[in-house]
Amino acid sequence: MTGPVETGPAPKGPMDRADARLRADTGFAGALKGFSDRVKSGDLGMLPVAVGLVVISVVFTSLNPIFLVPNNLVNLLFDCATVGIISLGIVCVLLVGEIDLSVGSISGFASALVGVLWVQQGWPVLLAIAAAVAMGAAVGWVYAQLYNRLGMPSFVSTLAGLLALLGMQLYILGASGSINLPYESALVKFGQILVMPAWLSHALALVPGVVMLIVGQRRRRQRLAANLSAPGLGGLMLKAGLLTLALEVAVGYLNLGRGVPYMFGLFVLLVVLLNYALTRTKWGRSVMAVGGNREAARRAGINVRRIYTSAFMLCASLAALGGTLAAARLASSSQQAGTGDVNLNAIAAAVIGGTSLFGGRGSAWSALLGIIVIQAISSGLTLLNLSSSLRYMITGGVLAIAVIVDSLARRSRISHGRA
Amino acid sequence: MADPILSLRGVSKNFGAVAALTDIELDIHPGEVVALVGDNGAGKSTLVKVLAGVHAPSAGVIRFGGRGVTLDTPAAAMKLGIATVYQDLALCENLDVVANLFLGHEISPYALDEVAMEVRAWTLLQELAARIPSVREPIASLSGGQRQTVAIARSLLLDPKIIMLDEPTAALGVAQTAEVLNLIERVRDRGLGVIMISHNMEDVRAVADRIVVLRLGRNNGVFDRSASHHELVAAITGASENAVTRRMERKEVQA
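These protein sequences, in sequence, are chains X and V. Sequential numbering from 780 applies to the first sequence in the working numbering. Sequential numbering from 9 applies to the second sequence in the working numbering.
Heads up, a few of these hints could be off.
Claimed, not checked - Derived pair list, reagent style SDA-like, types lysine to any residue, alpha-carbon separation capped at 20 Å:
#1 Lys-812(X) / Ser-142(V)
#2 Lys-169(V) / Arg-218(V)
#3 Lys-1061(X) / Lys-87(V)
#4 Lys-169(V) / Leu-132(V)
#5 Lys-87(V) / Arg-1085(X)
#6 Lys-1061(X) / Ala-124(V)
#7 Lys-812(X) / Glu-145(V)
#8 Lys-1061(X) / Ile-115(V)
#9 Lys-819(X) / Glu-101(V)
#10 Lys-1061(X) / Asp-121(V)
#11 Lys-87(V) / Ala-98(V)
#12 Lys-812(X) / Pro-141(V)
#13 Lys-1061(X) / Ser-116(V)
#14 Lys-1061(X) / Met-125(V)
#15 Lys-1061(X) / Pro-117(V)
#16 Lys-87(V) / Glu-1074(X)
#17 Lys-87(V) / His-113(V)
#18 Lys-169(V) / Gly-1080(X)
#19 Lys-1061(X) / Asp-104(V)
#20 Lys-1061(X) / Ala-98(V)
#21 Lys-1061(X) / Ala-83(V)
#22 Lys-1061(X) / Arg-144(V)
#23 Lys-1061(X) / Ala-119(V)
#24 Lys-1061(X) / Leu-120(V)
#25 Lys-812(X) / Gly-1011(X)
#26 Lys-1061(X) / Glu-101(V)
#27 Lys-819(X) / Glu-145(V)
#28 Lys-1061(X) / Val-127(V)
#29 Lys-812(X) / Arg-144(V)
#30 Lys-1061(X) / His-113(V)
#31 Lys-819(X) / Ala-148(V)
#32 Lys-169(V) / Val-195(V)
#33 Lys-1061(X) / Arg-128(V)
#34 Lys-1061(X) / Leu-165(V)
Said to hold, decoys possible - Simulated DEER-style distance windows between Cβ atoms:
#35 Ala-84(V) / Val-935(X): 31 to 39 Å
#36 Phe-814(X) / Leu-224(V): 53 to 61 Å
#37 Arg-817(X) / Arg-194(V): 36 to 44 Å
#38 Glu-135(V) / Thr-1058(X): 27 to 35 Å
#39 Met-825(X) / Arg-194(V): 41 to 49 Å
#40 Lys-819(X) / Thr-131(V): 29 to 37 Å
Rather than coming from a laboratory, the hints here were simulated on the basis of the structure. The structure displayed is predicted, hence computed values, not measured ones. Here a beta-carbon is modelled for each residue, glycine too, at the ideal position from N, C-alpha and C.
Isolated chain X (complex conformation) (with noise of 0.2 Å):
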């Protein structure tokens, strides 16, 4: 016996469809059959918000047809640029499961501080955004070591930021109560009335499916040549076509009222970038896994305290853009700003579009379709002229149903295993 030692079989196909127990998802049926289990064992992605979307269109259009007029689309992307950043940073507080709920107070606070120290002490107004920005990371950084070393939940230590912050807010703003930011400065035009040009919006919708083909392409040839299975590339045209297809029909419809406005854009681009950071970094691996299993996480050598000061940080100061855009928008910082439904409508947003409360599940991309969804409903009741009361009670049953699709959502992944 001196033959050569059996190594085992020759690998026959890629490494990582060997096991004779995995079924072949292959082709459009095998994607279909994946998404129809995917769904069913609780996984929902964005199927809700699909579902929610086509409902609220067909409801408002009926009972008023301005709704899907080009322009009430247009304000509505304005709207959602604003409370849309606060909602992406509620999402990175959610993804370590933990929570926010003085974000309406902090873009409320920055909002007035932009007012005093652009209006009334002539600072130039990007070092008064900066330091509104500087001020929601500060205020970041505070909840975060209340949390890391006092151990106070963060619930808590938010609600009494809630309080504080409103009062510094009313405090700087003095008697008059509001500060008018002047309507030919840039950042007032850049909140009220910018949009790109018609060629600029088109080229840019192209972006995303072009991306998306580049990406893919080179993601499945890197897995080829490493002997693992890559999805067909009929498939990832497939998806890249539709893609850019829609997002050209949506843009030509948005330039038929004033166009797509930049700060939506500004919104998109930083959903993209957190999403990046979420999913291809390991800033963004540390935060899910501290949010699923945060004893697996530390003893994984994470510095837990940095990721849950990373992301307060991050979140507030999110609150605090957010914020002075908002200020932007309505021309004026007033004690009126992020009271009221801001809040709410921030985290509503983060959780309509996917993000768990549970920790450690969502996406950046849940913040834009939640605040889609939010804004839509809004816009619809505001054209419907209820009342403020009716508004809140219906968007408080519409959080309330978001939050019950989510827990069942999770006791079903528990039960199919997928956690």
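Once you've looked at the hints, dock chain V against the given chain X.
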């Protein structure tokens, strides 16, 4: 024999008034498997946690590679080359197998190299003859044995000098237990020190070069693998007359 890679002298750990560990002495040499055995509450898990940097010892000296070290965080222990597989595995159920394997040590932190990580994951799992259908499923969908395999694979990924296994075979099937024991021997042959906690005397005697017995938080004897079952049980329970021997005598009388 070469100098020990890890040595403990007079290590104690108190939780309030309870002395979980008292004056523990332990040497681990490169290329040997040391089994830690003892009854429930003997202090095995506490000792592992001290070495993993989870608990700081109340007193005593830990020397690693001849130098005195303080293991104040899990990251510090890991950086020295002490890898730990806990009994409760500590995996993130919401992340997939690849993410769990590389957690905290991802390849290229600013643009994660998923392909390289997945290839490395498959290679490692094939070396362990692990039966995991897909590395892109969340951990929540895996069985207990599969999770144990993932946890052991993860500890090996960092090329540690010492690997500690807390009840590594408790949740495994027959074939997988044999695989893990083979794996432990392969790891030892690569010159690593292995600390293995087990209640299964059969597994312990199958792979351990030395068997260290703890009892009520103290050293209670060191045996080699030729030690009889009787001797081990006596050291573990603290008496040659105990429930196990009485039971065996009764069986012999009946026979």
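Hints versus structure:
1. Lys-812(X) / Ser-142(V): At roughly 17 Å apart (the allowed maximum being 20 Å), Ser-142(V) and Lys-812(X) satisfy the hint.
2. Lys-169(V) / Arg-218(V): holds, 18 Å
3. Lys-1061(X) / Lys-87(V): holds, 18 Å
4. Lys-169(V) / Leu-132(V): Roughly 18 Å separates the two Cα atoms, so the pair holds.
5. Lys-87(V) / Arg-1085(X): Since the Cα atoms of Lys-87(V) and Arg-1085(X) sit roughly 19 Å apart, the hinted pair holds (cutoff 20 Å).
6. Lys-1061(X) / Ala-124(V): Holds, at about 15 Å.
7. Lys-812(X) / Glu-145(V): holds, 16 Å
8. Lys-1061(X) / Ile-115(V): Holds, at roughly 8 Å.
9. Lys-819(X) / Glu-101(V): OK: Lys-819(X) and Glu-101(V) at ~19 Å, within 20 Å.
10. Lys-1061(X) / Asp-121(V): Holds, because 10 Å separates the two Cα atoms, which is no more than 20 Å.
11. Lys-87(V) / Ala-98(V): holds, 18 Å
12. Lys-812(X) / Pro-141(V): It holds: about 18 Å lies between the C-alpha atoms, which stays within 20 Å.
13. Lys-1061(X) / Ser-116(V): Since the Cα atoms of Lys-1061(X) and Ser-116(V) sit roughly 8 Å apart, the hinted pair holds (cutoff 20 Å).
14. Lys-1061(X) / Met-125(V): holds, 13 Å
15. Lys-1061(X) / Pro-117(V): holds, 5 Å
16. Lys-87(V) / Glu-1074(X): Distance ~18 Å between Lys-87(V) and Glu-1074(X) Cα, so the pair holds.
17. Lys-87(V) / His-113(V): holds, 11 Å
18. Lys-169(V) / Gly-1080(X): holds, 17 Å
19. Lys-1061(X) / Asp-104(V): Roughly 15 Å separates the two Cα atoms, so the pair holds.
20. Lys-1061(X) / Ala-98(V): Holds - the C-alpha atoms of Ala-98(V) and Lys-1061(X) are around 19 Å apart, at most 20 Å.
21. Lys-1061(X) / Ala-83(V): Given pair Lys-1061(X), Ala-83(V) holds - Cα atoms ~16 Å apart, limit 20 Å.
22. Lys-1061(X) / Arg-144(V): holds, 17 Å
23. Lys-1061(X) / Ala-119(V): Answer holds: Lys-1061(X) to Ala-119(V) is near 8 Å, not above 20 Å.
24. Lys-1061(X) / Leu-120(V): Holds, at about 7 Å.
25. Lys-812(X) / Gly-1011(X): Between Lys-812(X) and Gly-1011(X) the Cα gap is close to 16 Å, so the pair holds against 20 Å.
26. Lys-1061(X) / Glu-101(V): holds, 18 Å
27. Lys-819(X) / Glu-145(V): At roughly 16 Å apart (the allowed maximum being 20 Å), Glu-145(V) and Lys-819(X) satisfy the hint.
28. Lys-1061(X) / Val-127(V): holds, 18 Å
29. Lys-812(X) / Arg-144(V): Given that 20 Å is the threshold and the Cα spacing comes to 17 Å, the pair holds.
30. Lys-1061(X) / His-113(V): Within the cut-off at roughly 8 Å; holds.
31. Lys-819(X) / Ala-148(V): holds, 16 Å
32. Lys-169(V) / Val-195(V): Answer holds: Lys-169(V) to Val-195(V) is near 10 Å, not above 20 Å.
33. Lys-1061(X) / Arg-128(V): The given pair, whose Cα atoms are some 17 Å apart, holds under the 20 Å limit.
34. Lys-1061(X) / Leu-165(V): Holds: Lys-1061(X) and Leu-165(V) sit about 17 Å apart, inside 20 Å.
35. Ala-84(V) / Val-935(X): 31 to 39 Å: With Cβ atoms ~32 Å apart, the hint holds.
36. Phe-814(X) / Leu-224(V): 53 to 61 Å: Once the Cβ atoms are compared, 57 Å apart, the range 53 to 61 Å for Leu-224(V) and Phe-814(X) holds.
37. Arg-817(X) / Arg-194(V): 36 to 44 Å: holds, 38 Å
38. Glu-135(V) / Thr-1058(X): 27 to 35 Å: Between Glu-135(V) and Thr-1058(X), where Cβ atoms are some 29 Å apart, the hint holds.
39. Met-825(X) / Arg-194(V): 41 to 49 Å: holds, 46 Å
40. Lys-819(X) / Thr-131(V): 29 to 37 Å: holds, 33 Å
The structure is consistent with each of the numbered hints, conforming to all of them.
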